[in-house]
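*Asks:* Chain B: place on chain A using the hints.
One-letter residues, chain by chain:
2 protein chains.
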Amino acid sequence: MDGETRAEILDATNRALCEHGYAGLTVQRIADESSMTSAAIHYHFDTKEELLNAFLDDLIERFESKLPCGAADPRTRLDGVLDAVFSPKDPDSDGFPVAIMELKAQAPYHELFRERFLDFDGVMRGVVADIVRDGVAAGHFDEADPEEIARLITTMSNGAHARAVALDEHPAETRRVVEDALELHLGWTPGEGADE
Amino acid sequence: MDGETRAEILDATNRALCEHGYAGLTVQRIADESSMTSAAIHYHFDTKEELLNAFLDDLIERFESKLPCGAADPRTRLDGVLDAVFSPKDPDSDGFPVAIMELKAQAPYHELFRERFLDFDGVMRGVVADIVRDGVAAGHFDEADPEEIARLITTMSNGAHARAVALDEHPAETRRVVEDALELHLGWTPGEGADE
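Chains as they are written, first to last, in UniProt numbering: chain A, 1 to 196; chain B, 1 to 196.
So that you can see chain A by itself, here it is in the shape it has in the complex:
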């Protein structure tokens, strides 16, 4: 399958998932959101589970593409992570956080989904830990355990996601608490430093 076909199928999956939810997702509904037939989609993905596995894989790449590059100042990179994980809901894809929440609830029954969420978690924690390590080495941050800061930010981001879906709460509420905790842990005020 070429990259364009894959991107079209995954975009259509995103739209169908936002609109119909996990339980209502069918290959026919994905086809309805694309220019392809359901037979053509089935040709590339045998099952709905395989398709959603590819969709979750794609999420990781999209997350990584939102981050500032590894050569930037660690403070700029950490601000970039906060922007990426505590961003407001995109009004065009209102159902997206709900769909991801449903897929998380399906993880105990679908080993492939669980693996993708573990991959995503590993990537996010790895990115943060590297930044903290670099920032401590460069003297921008106080001495801190990079893995622990990574776990703090990632778990708060998981919490913000659940709160957006269950409580309709804006992720900025969580971001503020994370920023204050980072000040105590790293002796660094988010938003300050790199660009001064």
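These are computed hints drawn from the structure, not numbers from a lab. Don't be surprised by glycine CBs; every beta carbon is placed ideally from N, CA and C. Where hints are given, some of them may not hold.
Some residues of chain A that are not near chain B, with every Cβ distance over 12 Å (derived) [unchecked claim]:
#	residue
1	Arg6
2	Asp46
3	Ser87
4	His185
Only some residues are given here: those of chain B computed to face chain A with a beta carbon under 8 Å [claimed, not checked]:
#	residue
5	Ala23
6	Gly24
7	Asp121
8	Arg151
9	Arg163
10	Ala166
11	Glu173
*Replies:* Showing chain B alone in chain A's frame:
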């Protein structure tokens, strides 16, 4: 409806929800888990949504009953909150966190569920904020914003829940990070103080 009938229906709802999930939950399946007929259950609860609303209401009471009483030392009370929110999964109700996760994903479509989750969140944050206020007043904790500490613990608990379901991670991983953050925010080491 007397308290015993209500308790029997809600216990049966818990078991049916753990076993069949939200999508597979029917009043018949709840009846199968109890000594009652589905007609008898329908007599007390018109719809599945009303029943689940009562079930979520009951959760709040069960959470409050797990906490040490308000007269205890604030350090004992805060330890009690950490025990209650970061407790390991009960092996007898393995499906319970998954079922709650599914109900959270349903909150955008069911105003009653959203209200119950907001209630629960308000209770949990209120309990923590009161403890922090008391502990600061008594000189056990450093000066800190009680609402912010409440938000930190509650959001981390939401994150630990999502991670238990999606990643099969033990909540102790999150508790450790919360305890270290509390040391920085409150100048208090969880587990120490009150009983020495």
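*Asks:* Using Cβ atoms only, decide whether Glu173 (chain B) comes closer than 8 Å to chain A, and label the hint accordingly.
*Replies:* 7 Å, holds
*Asks:* Does the CB of Arg163 (chain B) sit less than 8 Å away from some CB of chain A?
*Replies:* 6 Å, holds
*Asks:* According to the definition I'm using, a residue is off the interface if its beta carbon is farther than 12 Å from all beta carbons of the partner; does Arg6 (chain A) meet that for chain B?
*Replies:* 24 Å, holds
*Asks:* Let's test the interface hint: is any C-beta of chain A closer than 8 Å to that of Gly24 (chain B)?
*Replies:* 10 Å, violated
*Asks:* Restraint: Arg151 (chain B) near chain A, CB-CB cut 8 Å. Satisfied or not?
*Replies:* Since the shortest Cβ distance to chain A is 5 Å, the answer is holds.
*Asks:* Using Cβ atoms and 12 Å as the threshold, tell me whether His185 (chain A) really stays out of contact range of chain B.
*Replies:* 6 Å, violated
*Asks:* Is it correct that the beta-carbon of Ser87 (chain A) has no partner in chain B closer than or equal to 12 Å?
*Replies:* 16 Å, holds
*Asks:* Taking the shortest Cβ-to-Cβ distance between Asp46 (chain A) and chain B, state whether it exceeds 12 Å.
*Replies:* Given a closest Cβ separation of 23 Å, the condition holds.
*Asks:* Take the shortest C-beta to C-beta distance between Ala23 (chain B) and chain A; is it under 8 Å?
*Replies:* Holds. Min distance 5 Å.
*Asks:* Hold the hint about Ala166 (chain B) up to the distance rule: shortest CB distance to chain A must be less than 8 Å.
*Replies:* 4 Å, holds
*Asks:* Would the stated hint for Asp121 (chain B) survive a check requiring a Cβ distance to chain A of less than 8 Å?
*Replies:* 6 Å, holds
Of the numbered hints given earlier, the model fails hints 4, 6; all others are met.
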